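Number of protein chains: 2
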Amino acid sequence: MDVHTLTRDLQVQNDSKIVMLVADGLGGLPMTAGGKTELETAATPHLDRIAGTAIQGASIPVLPGISPGSGPGHLGLFGYDPLSYQIGRGALEATGIGFELQANDVAIRCNFCTLDGDGNIADRRAGRIASEDSRPLVEKLSENISITGIEVFVQPVKEHRFVVVFRGPDLGGNVSDTDPQRTGVPPLDPVADDEASAKTAEVAKEFLKQAGTILADEPKANFHTMRGFAAKPALPTYKDVYGLRAAAIAVYPMYKGLARLVGMDIVGSAQTLQEQIDTLRDNWTNYDFFFIHFKYTDSTGEDGDFDGKVKRIEEFDAILPQVEALGPEVLIVTGDHSTPSFMKNHSWHPVPTMLASCRCRPDGNTAFNESTCIRGGLGQFEAKHLMTLALANANRLGKYGA
Amino acid sequence: MDVHTLTRDLQVQNDSKIVMLVADGLGGLPMTAGGKTELETAATPHLDRIAGTAIQGASIPVLPGISPGSGPGHLGLFGYDPLSYQIGRGALEATGIGFELQANDVAIRCNFCTLDGDGNIADRRAGRIASEDSRPLVEKLSENISITGIEVFVQPVKEHRFVVVFRGPDLGGNVSDTDPQRTGVPPLDPVADDEASAKTAEVAKEFLKQAGTILADEPKANFHTMRGFAAKPALPTYKDVYGLRAAAIAVYPMYKGLARLVGMDIVGSAQTLQEQIDTLRDNWTNYDFFFIHFKYTDSTGEDGDFDGKVKRIEEFDAILPQVEALGPEVLIVTGDHSTPSFMKNHSWHPVPTMLASCRCRPDGNTAFNESTCIRGGLGQFEAKHLMTLALANANRLGKYGA
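Those protein sequences? They're chains A and B, same order as listed. Going by numbering that gives the first Met the number 0, the first residue of the first sequence is number 0, and it counts up by one from there. Going by numbering that gives the first Met the number 0, the first residue of the second sequence is number 0, and it counts up by one from there.
If you're looking for bench data, these hints aren't it; they were derived computationally from the structure. Check each hint, because a few of them may be wrong.
Pairs count within a copy or across copies, as identical chains cannot be separated in the list.
Unchecked claim - No farther apart than 30 Å at their CA atoms in a straight line, the calculated lysine-lysine pairs in the DSS-like style are these:
| # | residue 1 | residue 2 |
| --- | --- | --- |
| 1 | Lys343 | Lys238 |
| 2 | Lys204 | Lys310 |
| 3 | Lys198 | Lys310 |
| 4 | Lys294 | Lys398 |
| 5 | Lys219 | Lys310 |
| 6 | Lys35 | Lys16 |
| 7 | Lys157 | Lys398 |
| 8 | Lys238 | Lys208 |
| 9 | Lys219 | Lys238 |
| 10 | Lys16 | Lys343 |
| 11 | Lys16 | Lys294 |
| 12 | Lys204 | Lys16 |
| 13 | Lys16 | Lys157 |
| 14 | Lys294 | Lys343 |
| 15 | Lys16 | Lys208 |
| 16 | Lys198 | Lys398 |
| 17 | Lys310 | Lys208 |
| 18 | Lys343 | Lys219 |
| 19 | Lys398 | Lys310 |
| 20 | Lys208 | Lys35 |
| 21 | Lys238 | Lys139 |
Just so we're clear, the structure is a prediction, and the values are computed from it rather than from any experiment.
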């Protein structure tokens, strides 16, 4: 039985509030053998105090040894098995730039490229054309391409990358890439992998035909490829599976987009952590569940900036009393994956996680970091179980079976 | 591969004895932050001594955050995945009153109700009619209803609740409820959800027709509804999947019934824990596996009676030397779920569990409670794995693969 079948059946309504604080890439590693991690180095008086009344664990984002991207990392935290639910590349790219996908949409990652006189690809990324050079090309495509019966969106991402979204009836998402993955050959035609995607392939062909004409005389990029065709992923909503009115408070488009895919409302327009907390306070009575995303523990980790990550963790720690003051029934601190400064990358290492509630069974820990969590009362657990634990601790799940 | 395919293939016969002591609802919580649980508070010299030669763990009854009823809780302990094997509501109700379901049976939960002059439901529970008032009505139905080709059983449960069982060929269990879940409307007709249940729906209609006549002039309840139609669940037996001759020694009908569903023999008629242990001793040579159920750790927890639960745990601890004296190869102490006095309800919290055998790898724990178990050698594990561990420690499982 799918766990969401269970939570649909067992969900109970009450006035409780659940706050999930996600410090992106929270987990880390020592920079030298025997050293401390970023979280162990940081001064975190509030996290350590909360530990005394919380239960801790080490959250495995996907499976042992699997390092997730932001998509699977967050799906796990949201309680959606990241191996069962997948967000296609195109859909994730569109989500990442804040494009609000609808049920009838197919999203495609595109790369500007250059063709030689024979129509063969000379550069698959158009010399990694600068964003300021690619943006006018995107606008030109956006303004000039017209396909009967289909709404077309063309939006820039960065450098040679942009996104195309087709909106219309009967558009399947299974179409092959047109990037041949090498130079000296022409781009491939988009080919439907199933009958339901035949129309999408036709629409893509027409788009490429018009784009070829529009870009023909452009010196920096005279064509583009299409990859990662993807329909909007069919994710059941928080309201449906958990009975929760859920709000997302994030700064970056990617995380707003991921939250939107599971039916959360995006509230506020905070640009700082303090503004995020203000937004939380302002929306306290309107929602049951709050997802708050803090980006900088990840970005400093990716930069290999150990000291920077330590500072960001301390910044994160400092706002906790404001969250506690609101009196959530369940307060969760976690991350979507680890980003050790030592590795400058997302990693598979379990993520320090803590759940505070009057119904949790405290584990005697009095600090919050990788070492305490690995010996915490939740042990090591797959991230996808966290939402069920949150609901249970909020007294929002009835009994399974008599 | 299903774990029972494995245990069927690998099972080995020997003279070992396995005793599983189930203290219902064993796990608990502190009543105040920083306090002790019931098990941590109780004086348990025998449990603590056994801990020194045992391996401990925290058993997750179903999944993290899911609080089980007695059915799923015990199925897990018996090694049957409680999400794959489900006991229908009617079958569980019949089981709970000690009715021995057979393969051809369909069991139905019934509620006495009252109809107004227009045949609409005025009270769905007949004013929660007292047991002494409903019992004669149950007898009247039992004595007077007659359906050709079908054996019919009508048995009281409590207050407005009773159970009907149809026994006969070709009776599927998928029939819709007749309770419309509101008043002011007539009861619904029973409707078959599949072809195999068409005959059951017809039999139910005939039962309701006759019941309507028999109860017509009763002042307290002039009709009844039918809910939770369920065939006997198809659970493979202990003998089949484990090669074990299994005996259940329980006081309450529900637990005898659950044991019977997996093919255990119900032995003795003990009314006290001491009588249960006497029954164990008397039957020692006749069985390989003994399930002993102790109810009162759960009932005190449900009453919110922390001190009462502590006393019941101490009572349970006190009989352990008598079990040890019999010299079982494997001695297991566990519960089917937690019932914290703090919550007055079944809960999802992992259950303190301990397995003592000469082949276990002791974990250095010298006490038995929630805190020691969470750091025990079995870590956190799903309850459904306990039986395989029991068999292995009893040297009753061969090697998988060459």
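In ascending order, which of the hints set out earlier in this document are inconsistent with the structure? Per hint list: 2, 3, 5, 8, 9, 12, 13, 15, 16, 17, 18, 20 and 21 violated.
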